[in-house]
Structure formats: structure tokens, C-alpha cells
Amino acid sequence: MEKRTEGKGEVRRSEDVEREAFGIDALDDALEGGLPRGTWTVVTGEPGVGKSILCMHFAYTGLEDDEPVIYVTTETSFRDVVRQARQFNMDLTQFKPVNLSDVLSGRVKPENAKLVVIDLFGLYRQYREMVKEAGEEGRRPSRALSIEVLEGAVRKAYEVLGFSEGKVSEPSRLIIDSMTAFWADKPAMARAYSYALRQSLYRSNITALLVSQYAPTTEASFGFGLEHIADGIIHMWMDKVEQTKTIRRWLIIKKMRLTNHAKDAYQVDIQPGKGLILIEANETQ
485 MEKRTEGKGE
495 VRRSEDVERE
505 AFGIDALDDA
515 LEGGLPRGTW
525 TVVTGEPGVG
535 KSILCMHFAY
545 TGLEDDEPVI
555 YVTTETSFRD
565 VVRQARQFNM
575 DLTQFKPVNL
585 SDVLSGRVKP
595 ENAKLVVIDL
605 FGLYRQYREM
615 VKEAGEEGRR
625 PSRALSIEVL
635 EGAVRKAYEV
645 LGFSEGKVSE
655 PSRLIIDSMT
665 AFWADKPAMA
675 RAYSYALRQS
685 LYRSNITALL
695 VSQYAPTTEA
705 SFGFGLEHIA
715 DGIIHMWMDK
725 VEQTKTIRRW
735 LIIKKMRLTN
745 HAKDAYQVDI
755 QPGKGLILIE
765 ANETQ
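Take the sequence shown: its letters are residues 485 to 769, numbered as in the numbering used here.
Treat each hint with caution, since some may be false.
[Claimed, not checked] With a Cα cut of at most 25 angstroms, we get these calculated SDA-like pairs of lysine to any residue:
| hint | residue 1 | residue 2 |
| --- | --- | --- |
| 1 | K758 | H719 |
| 2 | K738 | K651 |
| 3 | K739 | R687 |
| 4 | K729 | P756 |
| 5 | K738 | A676 |
| 6 | K580 | E635 |
| 7 | K640 | R612 |
| 8 | K593 | S626 |
| 9 | K580 | E654 |
| 10 | K670 | A680 |
| 11 | K593 | P655 |
| 12 | K598 | P655 |
| 13 | K670 | T558 |
| 14 | K738 | E654 |
| 15 | K616 | K640 |
| 16 | K739 | I761 |
| 17 | K651 | N596 |
| 18 | K739 | A749 |
| 19 | K739 | G636 |
| 20 | K616 | S626 |
| 21 | K580 | I537 |
| 22 | K598 | S626 |
| 23 | K747 | D513 |
| 24 | K758 | T730 |
| 25 | K616 | N596 |
| 26 | K640 | K651 |
| 27 | K758 | P531 |
| 28 | K640 | N573 |
| 29 | K739 | D669 |
| 30 | K616 | K598 |
| 31 | K724 | Y698 |
| 32 | K598 | S648 |
None of these hints come from the bench; they were simulated from the model.
Modelling step: build the complete structure from the supplied sequences, incorporating the hints.
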């Protein structure tokens, strides 16, 4: 296997597959260096298992390697993402994030942007723009947290980063945390929405990491279907605390195309100043 290093994130070639590292050594090793470039990976799991922190690692490592990042956050404001990332020694503000809401309102004219943020404010601004463009007779999105609005917002982010339709972009990362909000009212439509989203936003050099929430009570996803369009699935979970009397988190790679990935689960530790630490199961015994 040929191996080369670019910045802090390791990028390896296995049969000419370019990979996008997380910056978490054990996970990157388990993935032969990272996610295959241009693939779409879903991170599934219940609240509190570390899915959002995994997204922060993926974004930060890409930015340190000078790759543009589009960061969609629906669970919290980006300000809170920044505050939490700092606890793990990841300062996202150094990359001068540009909020799509400020771009659409004309308050900011981005130049050479590397980190484009789409939070609830950006989605509501995009929703109002789409309603205005539709006019009285046109087809308008039903609500701000809809797949149509998400598609429109990410396409705007592509424009901010200078990605032209039909042309190969520079290697970039798209993070959506989480997808659950976009079909919370219509979970049966998750599969159809997922297909439409990928068809609209797929670019060969853009690697996507999408979060899907699981219900702790049923251990099922909120909207079955996102996994069907995914090239990879990383599942995270927590042992039942009523039985273990302690918090014990786990991660396993259930699927990853173009990759001879690790088949065993890793125990996950969340450490201040470091973030996610993965420990092989045989090392915990």
C-alpha cells in the first residue's frame, strides 16, 4: 500500500483510492486512511454517543489540510459547535467561518472562504429567498427544515466556494448534523428524500458525512432510508447504563465501499483536549 502524508491528516492510496482522514489515528487506520473521497457516509446512533464530536474531527482535519468545508448544523447553533470544539483543542474560528445567512442577506461578501456554515438562521434565510422566488403561483417549500431548502442552501454554499456546475471542484467536505430534522414530520419519506438529496448535491471530489439519530427506546433510526444511499455506515452506541452502572460508548464500521475496513468494534472515550479516542475491544479486556 502506498502511503503519503499531507498536513496533519493522513491520506493513503489503496488501489488509487484517495482518502479523507478524520484525524483520529485508530479510526483512520481502521478505514485504510479515511473515507474514500467522493463517498457519502452516515453516522448513526442515539444522542450522547459522540456523533457530533466525530463531525468536528472530520471538519477540523479537512480545514487543517486546506480543504474547504461546508458545515450544516440543525441540532445547535454554530457558536455552540465552536465552543464545544475548543474543549477538544479544535479552534474552528481560525478558519474564519462564513455564515450563509450573512451571505444571503448581503452583510458579508466572502472572498477565498474555506468554511461555510449553514445553521438554522441560514436555512430560514434560504427558505425566505425560495418563497420570494416562487411568487404567488410557483412551487414553494413547505417549511424551512425541508430537503428542498437544504439542497438550495448547500448549492449556495457551493457557489460561495466557487464550485461551478459540471466542473470538478477541489477536494472538499460536506457535513450535515443532523439529517433527522428534515423528515421528522414525514419519516416514511426518508428514503425518497435521501435519494433526491444525493442526486442533487453529489460531486466526485466532495466527501459527505451525514448524521442520523437513533431512538434510544426502539434502537431504530428516525426515518429509515438514509442508510440505503450511503457508501459507508459508522454506527455508534452506548451500553445500557441501568446494567453497566457506567457510561460505555462504542463505534463500529458496518459498511464502507472501496475499503477493507476493520470488522471489530472500538470502545470510545471522550477526553478533554483530545476529543474522541478509540480503543480496540481486546485492549479493554
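Evaluation of the provided hints:
no.: 1; hint: K758 <-> H719; verdict: 21 angstroms, holds
no.: 2; hint: K738 <-> K651; verdict: 32 angstroms, violated
no.: 3; hint: K739 <-> R687; verdict: 21 angstroms, holds
no.: 4; hint: K729 <-> P756; verdict: 22 angstroms, holds
no.: 5; hint: K738 <-> A676; verdict: 22 angstroms, holds
no.: 6; hint: K580 <-> E635; verdict: 23 angstroms, holds
no.: 7; hint: K640 <-> R612; verdict: 14 angstroms, holds
no.: 8; hint: K593 <-> S626; verdict: 29 angstroms, violated
no.: 9; hint: K580 <-> E654; verdict: 19 angstroms, holds
no.: 10; hint: K670 <-> A680; verdict: 15 angstroms, holds
no.: 11; hint: K593 <-> P655; verdict: 23 angstroms, holds
no.: 12; hint: K598 <-> P655; verdict: 12 angstroms, holds
no.: 13; hint: K670 <-> T558; verdict: 17 angstroms, holds
no.: 14; hint: K738 <-> E654; verdict: 29 angstroms, violated
no.: 15; hint: K616 <-> K640; verdict: 16 angstroms, holds
no.: 16; hint: K739 <-> I761; verdict: 21 angstroms, holds
no.: 17; hint: K651 <-> N596; verdict: 18 angstroms, holds
no.: 18; hint: K739 <-> A749; verdict: 12 angstroms, holds
no.: 19; hint: K739 <-> G636; verdict: 29 angstroms, violated
no.: 20; hint: K616 <-> S626; verdict: 13 angstroms, holds
no.: 21; hint: K580 <-> I537; verdict: 20 angstroms, holds
no.: 22; hint: K598 <-> S626; verdict: 31 angstroms, violated
no.: 23; hint: K747 <-> D513; verdict: 12 angstroms, holds
no.: 24; hint: K758 <-> T730; verdict: 21 angstroms, holds
no.: 25; hint: K616 <-> N596; verdict: 28 angstroms, violated
no.: 26; hint: K640 <-> K651; verdict: 16 angstroms, holds
no.: 27; hint: K758 <-> P531; verdict: 20 angstroms, holds
no.: 28; hint: K640 <-> N573; verdict: 30 angstroms, violated
no.: 29; hint: K739 <-> D669; verdict: 28 angstroms, violated
no.: 30; hint: K616 <-> K598; verdict: 29 angstroms, violated
no.: 31; hint: K724 <-> Y698; verdict: 14 angstroms, holds
no.: 32; hint: K598 <-> S648; verdict: 16 angstroms, holds
Hints 2, 8, 14, 19, 22, 25, 28, 29 and 30 from the earlier list are contradicted by this structure; the remaining hints agree with it.
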